[in-house]
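Q: The chain contents come next:
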Amino acid sequence: MDNGSIIIKLENITKTYPMGKRELTVLKGVNININKGELVAIMGPSGSGKSTLLNLIGCLDKPTSGTYYLEDKEVSRLSGSELARIRGQKIGFIFQTFNLLSRLTALSNVELAMTYVGGIDRQRALEALAKVGLSERVRHRPIELSGGEQQRVAIARAIVKNPSIFLADEPTGQLDSKSGEEVISILTSLHAEQGITLVLVTHDTNIASHCQRVIQLKDGEIVTEKKI
Amino acid sequence: MKKWFGTLNTVWLGLSTHKLRSFLTILGVVIGVASVITLMSIGKGSTQQILANIQSMGANLISIRPGASMFGGVRGAVGGVRTLTMEDADAISQQVPDITAVSPANTSNLQLVVGGKNTNSQVNGVNPEYFAINNINIASGAFFSADEYQSGSKVAVLGTNVATTLFPNTDPIGQQMRMGTIIVRVIGVLESKGAGFNSPDDGVYIPLTAMQQTVAQMRTPQGGRIVSTITMTVSDSSHTQNVIDATTSLLRTRHHLSASADNDFNIMSTEEIAKTLSQVTGTLTLLLGAVAAISLLVGGIGVMNIMLVSVLERTREIGIRKALGARDRDIWSQFLIEAALLTFAGGIIGVIFGWATAMLINRLGVMSTVVTADVVIMAVSVSIGIGIFFGFYPAWNASRLNPIEALRSE
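Sequences listed follow chains A and B, in order. Read in order, the letters of the first sequence are residues 1 to 228 in the numbering used here. Read in order, the letters of the second sequence are residues 229 to 638 in the numbering used here.
One chain only, chain B, in its complex shape (with noise of 0.2 Å):
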C-alpha cells in the first residue's frame, strides 16, 4: 500500500513537472476518445430513434407490398406494379388463422381544397380497423364507423399538419372539403406522432369504399379490385412467422405462381424491419466508431512518442533511482503506470468533451443522440489500454539502462 502511494508519487512527479507537454502528449487521445464518444452516440441516437417509430407503427403489425416480381431477370421496384387486390385481402382474413385484423388501403395523391386554401396530400383508403392496427388515435371528432365504410359514405379524417394548413383558425369537424373531384365531409382530427416514418400527421383517410367507387377505381385484368397495401395484426408475436408463411402460400395460389416464379408481394413484420433497420444502423454506428477509433491510435503513437523521449531525457534520473535501490521491474512500472495515468486522464478528459458535444448536438435539435455507459466505460479502458501498449516499448527500454553508464549521462 505504502509502495504503491509511492509508485503514484514518483509517476505524478514525473507528469507534473511537464504540465504543457503531458498535456499535449493526452490531446490526441481527448479528441480519439471524445469523437468516438460522439459518433457512437449519434449512432445510437439513430438506430433508437428509428425503433421508436417502428414501435409507434404498431406491434405485431405484418405489412404486404406489391411489387418484387421478375421481369426478364430485372425485379421490379416495390410498388411498382399492382397485384394486390380486396379479394385478397379478403381471402387472407377468412383463411389465416391468428389474424386479428386485416386492413387493405389504397392511397393516392390528391389536391384538397377549401374556400382560398389548397394543398396535396396523400389520400389513404383504409377501413375501420387501419387505425387500431397502425396505433393511430383520434384527437377529435371520430374515425369512420362500419356503418359509415359499408355505405361508402364521403367522410374524412385528417392528420394534424393537413388539419392546421386547410383549417387554421376553424375547427375542421363538420366542415365540407373539397377532394380531388369529389366533396367530403370532415369528421376527425388525428393525434400527431411527429415526424418519422409512415408519419400520419400529412395524410388524409377516407373509407375505402368510398375511394373506389369514386377516386381510384382501378382493376385487374381478373376483375379484382386493387389495392396498394393490406396491412393485418397477428394476435401474438408468436405466430408472426407461421402467418407471413401462411399468407405467402395463399397468395401465391391466388396469383398463380410458378413453384420456381419470385413471389410477386413483398410482405414483411414490423419485428423484420426493425431488425433490418437496426442492423443497418448498427453497422453504420461501427463504422464511425471505426473511423474515431483510428485518431485513438494516432493518439498512442504520440503517446509513444512523447514516451520514448522522456525516458531519455531522465536517463540520469533513472541511474540515480538503480543506484537507491530501484529494480527494473520498478522503473518499468514507474513509466508505464505514468504512460497509462497519461492516457487514462485524457480518455477522461476526452468523454466530458464528447459528451457536452452529444449533448449539444442533441440540444441544438440537429440530430438525436444518446451516450450509453458502455461505449463510455469501452472508450475509458481503451485509451487506458493504449497508455499500456504504447507505454510497454518506452517503459522496457527504461528498465534496461545500465546504472552506471545512466548515471554518466548528462
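If we strip away everything but chain A, and leave its shape as in the complex, we get (with noise of 0.2 Å):
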C-alpha cells in the first residue's frame, strides 16, 4: 500500500459470467483506486459494467480475477461469510428501489440492519433517523412514507452501522426531482459533515457534478477518470 488512506483498491478486476456455451465479460481489467472521505460516480451507458463494479465492492460478488483491496484487507478471495461479515460492519448500501421490508416500520427497518451486527441499538437507531430528518415518522411502514422520504430511511439504515464506505446505485432513479435534490443533499452533507466515502452510480451528469471525481465506464472498461 503507498497510500494509508486509500480505502479501496481494484487492481487488474475481470468478471465473466456463463451465458449458456459462451461468457460473457462484464469487466475487463478494472483498475481504481478510492481514498478515504472520497466522492466518487460511476457513470456510463446500460450494460457497460456499472453495477457488476458496484456489486464487487460492496463484497456481494466475487471478481472472476484481480485483486480487491478493502481497508488494506484483500477480499476478493474470502469465503461467503467472511464476505457477509464485511457487508455488515464495513459497507452500507443505497439502493435505487430502497429495499426497505414493507411490513417493518422505518425503526425497524433501520434496526434490521443491526440484527446482524453486533445487535439491535434502538437510540442508534433513533438517531440515524434523526440524521435523515424524519424523526416525526419512525413508526411509519414504507407504505406510509414518500418515495424520498423511503430513500432517507434506506440512508438512515446505512449510516446506522457507521460503515467503512457507502455505496449508492441510483439512488434518485425512482424519485422526482425534488426529492432526488433533497436525497443527494443529505447524501453531500453526509459527506461534508462526517467525512464518509461514497461511490455512487448515477445517469445523471447533474449528481455527478457534485462529486470528486468522476468514473466513466464503457464495455466494461474505464474510458475517463476526471477529477472535479
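No wet-lab data here; the hints were simulated from the structure. Ideal placement from N, C-alpha and C gives every residue a C-beta, glycine not left out. Keep in mind that the hints are not guaranteed to be accurate.
[Claimed, not checked] Using C-beta positions, here's what the derived DEER-type ranges look like:
no.: 1; chain 1: B; residue 1: E638; chain 2: A; residue 2: P45; range: 17 to 27 Å
no.: 2; chain 1: B; residue 1: V594; chain 2: A; residue 2: I143; range: 46 to 56 Å
no.: 3; chain 1: B; residue 1: I616; chain 2: A; residue 2: E181; range: 50 to 60 Å
no.: 4; chain 1: A; residue 1: S81; chain 2: B; residue 2: E638; range: 24 to 34 Å
no.: 5; chain 1: B; residue 1: M587; chain 2: A; residue 2: E82; range: 52 to 62 Å
no.: 6; chain 1: A; residue 1: G118; chain 2: B; residue 2: A601; range: 33 to 43 Å
no.: 7; chain 1: A; residue 1: S81; chain 2: B; residue 2: A584; range: 45 to 55 Å
no.: 8; chain 1: A; residue 1: T64; chain 2: B; residue 2: I616; range: 32 to 42 Å
no.: 9; chain 1: A; residue 1: K73; chain 2: B; residue 2: S637; range: 26 to 36 Å
The two chains are supplied separately, each in an independent frame; assemble them into the complex guided by the hints.
A: Below, the structure is given as C-alpha cells:
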C-alpha cells in the first residue's frame, strides 16, 4: 500500500458470467483506487458494468480475476460468510428501489441493519433517523412514506452501522427531482460533515457534478477518469 | 443472547405477518398431534382398565380350565371338554408345595325364582376358600362356613345385581329362593366389583358339595366328579412358575397323558393373563398411534409446501438481509426456526385439543382415557422434529440464494 488513506484498491479486476455455452465478460481489467473520504461517481451507459462493479466493491460478488483490497485487507478470495461479515460491518448500501421491508416500520428497518452486527440499539437507530430528518415518522411503514422519505430511511439504515464506505446505486433513479435533490443534499452533507466515503452509480450528470471524481465506464473498461 | 433475541424477533415478524396462513399451515400438525394424544389416551386407558380388572381378581392366582386337547389335529375350545375333577383339586392341594388355597368350582346356568320375579344367572359351586382367593368381599350377611360346605347345605350368596333384581325392596338375607329344581336360603350378598372381566356381580355362589348333590351330577368315565375350573393361590409370586410346572406334571400323570400329547387342560397365572392382555392392548395402542402419526406426516408435508412458497415470496427480503450482512446460516436458521416454531405451536395447540377430547370421552363415559406425560412430550417433540425435518430443505434453499439476483427479484 503506497498510501495509507486508500480505502478501496481494485487491481486488474475482471468479471465473467457464463451465458449458456459462451461467456459474457462484463469487466475487463479495471483498476481503481478510492481514498478515504472521497466522493466518487461511476457513470456509463447501460450494460457498461457499473452495477457489477458496485456489487464487487460491496462484496456481494467475487471477481473472476484480479485483487480487491478493502482497508488494506484482500477480500477478493474470502468465503461467503466472511464477505457477509464485511457487508454487515463496513458497507452501507443505498439502492435505487430503496429495498425496505414493507411490513416493518421505518425504525425496524433501520434496526434490521444492526441485527447481524452486534445487535439492536434503539437509541442509535433513532439518532440515524433524526440525521435524515425523519424523527417524526419512525413508526410509519414504507407504504405510508413518500419515495424520498423511503430513500432517507434507507440512508438511515446505512449510516446506523457507521460503515467504512457507502455505495449508492442510482439513489435518485425512482424519485422526482425535488426528492432527488433532497436525497443528494443529505448524502453530500454527510460527506461534508462526517467525511464519509461514497461511491455512487448514476446517469445524472447533475448529480455527478457534486462528486470529486467521475469514472466513466464503457464495455467493462474505464474510458475516462476525471477529477473535479 | 441479544443475537438470539434478534433471530426470534425476525421469526416472529415472519409468522405474524401471515397469521391466517401460519394457522392453516399448522392445522395439519394440530390435527395430527390431537389425534395422537386422543388415540394413545384411549389405548392407555383401556390397558389400565384391563389391568385393574385383573388386579381385582386377586394376586398370585393360578387358574386351571379344562380343554385345549387335540382331536385329530383340531384343538378343542377351552372349556369344551370336561377333564378336571374334584379329585384333581384334592391331589393338587395335597401334593403341590407353596399353595395357600385350592378352590375347585363348577358353574351352571340356572333359573332363579323369587315370588313373581325370575332371572337367569350363572350359579357357581365353590368352596369357602373361593372368596378369599378371588378377592371377593361380603357386603351383608355371611359366606357359607366350612361346616355348611361339608354338609352340603342349600345356602346361597348373591352378587349385587342378582340381589337387586330378585329382592328390589326386601332384605334378601334369610329369604328362600328357587334355583332350578331346588330351594336355597340366601345367607349373604357380595360387594360390587363393577362391570369387568369375571365380575361376581351377576353370579350366585353355593357350596360345591350342594351343587354336586342336587344340580349337576356329572362324572368322568373313571368316576371322577367333574369341576369346570380349579383356582389356587400361591404363597409368594416367586413360586408361581414352580407351582405351574408341578401342577402341570401332576395333572398330566393323573390324566395319563403320553409324553408327546398336549395338555388336556389350560393353566395360567393372573400375571400371565395380565401380560398377554397388556401386550395385546399395547400393540393396539401402537397401531392407533401409528395411524395418527400418518396425519402428522401429512401435516409436515403441508408445512414444507408453505415454507417453500414463503421462501419464494420473500426472495427480495432474503437479498436485503444478505446485503445487510446476514450469512447463509443466519438465513438458514431464520427459516428453520420459523418452521420449527410453527410446528411447535401446532403441537401445543394439538395437545390442548387432544387432551380436551380425551377428557370429554372420559367424562361422557364412552371409554376410559389416560393422557400420560410421555405421550405429550413425545407428541410435542415429534412436532418440533417435523418442523425441522420438513423446514430443512426450504431453509437451505433460502440460504443459497444469490444476494444480487435476490435483490433484483420482484
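Q: For every hint, state whether the structure bears it out.
A: We went through each hint and held it up to the structure:
Distance hint check: the CB atoms of E638(B) and P45(A) are about 24 Å apart, consistent with the given range 17 to 27 Å. V594(B) and I143(A) have their C-beta atoms about 54 Å apart, which keeps the hinted 46 to 56 Å range intact. The beta-carbon spacing between I616(B) and E181(A), approximately 51 Å, falls within the hinted interval of 50 to 60 Å. At roughly 27 Å, the beta carbons of S81(A) and E638(B) sit within the given window of 24 to 34 Å.
The hinted window of 52 to 62 Å between M587(B) and E82(A) holds, with their beta carbons roughly 56 Å apart. Under the hint 33 to 43 Å, the C-beta atoms of G118(A) and A601(B), about 41 Å apart, fit the expected range. Between S81(A) and A584(B) the C-beta distance comes to about 47 Å, which sits within the given range of 45 to 55 Å. One distance hint, 32 to 42 Å for the beta-carbon pair T64(A) and I616(B), holds here, with the actual separation near 38 Å.
Judged by the Cβ atoms, the range 26 to 36 Å given for K73(A) and S637(B) holds: they are separated by roughly 31 Å.
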